[in-house]
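*Asks:* These are the residues of each chain, in order.
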Amino acid sequence: MSSSTDWPLWEVFVRSRRGLSHTHAGSLHAPDAEMALRNARDLYTRRSEGVSIWVVPSTAVTASSPDEKDSFFEPAADKPYRHPTFYEIPDGVKHL
Amino acid sequence: MNAALALGDDALVLSHRLGEWAGHAPVLEEEVALANIALDLLGQARVLLSLAGDEDELAYLREERAFRNLQLVEQPNGDFAHTIVRQLYFSVYQHLLYERLAAGDGAFAPLAAKAVKEVAYHRDHAEQWVLRLGDGTEESHRRTQAGLDALWRFTGEMFQPVEGLDGPDSGVDREELRTTWLTAVTETVERATLNLPTGPQSGGWAAGAGRQGLHTEPFGRMIAEMQHLHRSHPGASW
Chain D
1 MSSSTDWPLW
11 EVFVRSRRGL
21 SHTHAGSLHA
31 PDAEMALRNA
41 RDLYTRRSEG
51 VSIWVVPSTA
61 VTASSPDEKD
71 SFFEPAADKP
81 YRHPTFYEIP
91 DGVKHL
Chain G
1 MNAALALGDD
11 ALVLSHRLGE
21 WAGHAPVLEE
31 EVALANIALD
41 LLGQARVLLS
51 LAGDEDELAY
61 LREERAFRNL
71 QLVEQPNGDF
81 AHTIVRQLYF
91 SVYQHLLYER
101 LAAGDGAFAP
111 LAAKAVKEVA
121 YHRDHAEQWV
131 LRLGDGTEES
141 HRRTQAGLDA
151 LWRFTGEMFQ
161 PVEGLDGPDS
171 GVDREELRTT
181 WLTAVTETVE
191 RATLNLPTGP
201 QSGGWAAGAG
211 RQGLHTEPFG
221 RMIAEMQHLH
231 RSHPGASW
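These protein sequence lines are chains D and G, in that order. Counted the way full-length UniProt numbering counts, the first sequence spans residues 1 to 96. Counted the way full-length UniProt numbering counts, the second sequence spans residues 1 to 238.
You can take every hint at face value.
Have a look at the derived ranges for each label pair, beta carbon to beta carbon:
| no. | chain 1 | residue 1 | chain 2 | residue 2 | range |
| --- | --- | --- | --- | --- | --- |
| 1 | D | Ala33 | G | Gly43 | 23 to 33 Å |
| 2 | G | Thr183 | D | Asp6 | 29 to 39 Å |
| 3 | G | Gln128 | D | His24 | 21 to 31 Å |
| 4 | G | Pro76 | D | Trp54 | 34 to 44 Å |
| 5 | D | Ala60 | G | Glu163 | 55 to 65 Å |
Reference excerpt, derived from the structure (chain G facing chain D, CB under 7 Å, subset only):
| no. | residue |
| --- | --- |
| 6 | Glu29 |
| 7 | Val32 |
| 8 | Ala33 |
| 9 | Asn36 |
Pairs of lysine to aspartate or glutamate, EDC-like flavour, derived with a Cα cap of 20 Å:
| no. | chain 1 | residue 1 | chain 2 | residue 2 |
| --- | --- | --- | --- | --- |
| 10 | G | Lys114 | D | Asp42 |
| 11 | G | Lys117 | G | Asp105 |
| 12 | G | Lys117 | D | Asp42 |
Bear in mind the hints are in silico, worked out from the structure with no lab data behind them. Fair warning: this is a prediction, and the values are worked out from it, not measured in the lab. A virtual CB, placed ideally from N, CA and C, is assigned to each residue, including glycine.
Using the sequences provided together with the hints, build the complete structure.
*Replies:* What follows is the structure in structure tokens.
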């Protein structure tokens, strides 16, 4: 399995149904984008979990740093008026 | 000869060979890909063998001479390039055959229509890998060319008519199949900077007689392993 370390890492996003967004499913190694797409199909959509796949080089992802957690996310927590918690969700709406 | 047996044995034997990669593939992602292809083929084999009789009896209790698979699919895995070349030769043929069966009016049309999508993926997998191995490093090029050369003499058997399959309604014309296969495989191989062998596509004492029940030496060992559990514990279930 040593050669897998020579291959770049790819992040896989799967759209499970029309109308939904692509969701991060996991990551895998592949020599190039075309093979990454095929590996993603085998690893993440074998049991008809998806209708569309994106693969993105992991190096292209810029992530927020855990050190910045407070300044990034804390201020939102004490402002309940920002959250739509006062509405009843109608029965027909499944993906809110 | 029973056509369901010929198609079913091709799928069963190749499925078993690909399954042998479990735990040994060069990378985890590829191991899953090969296992997926093996499972697709096993699914096809079960349907086809059930048309010919009891699937377990046929898979596990027949002697070597009773198997009707092509000699190509029983060839040992060799290295990864060798396996990929076997996949290229077979899956292009199987894809073309199933496309034609699906479009025809024969008994296998419904099954072929369902399986053709799986087989299209097997073909794509093999073609993608041949391109990368052939046009990859010097070593991957050399190994892939060695696979193309070694397996070439088993390819002719794919284009011999199969009784009960090649009827007037089947949509299968073996000569047309051979020409189309050759064009498709040549294109992939040349794009991969490799050379398709030009020698005879069958030969030797019995190369190309798998459909008559004559198999190559490694096949006996393969079915011994495949049948061992069932023969040791007859009728056992999970």
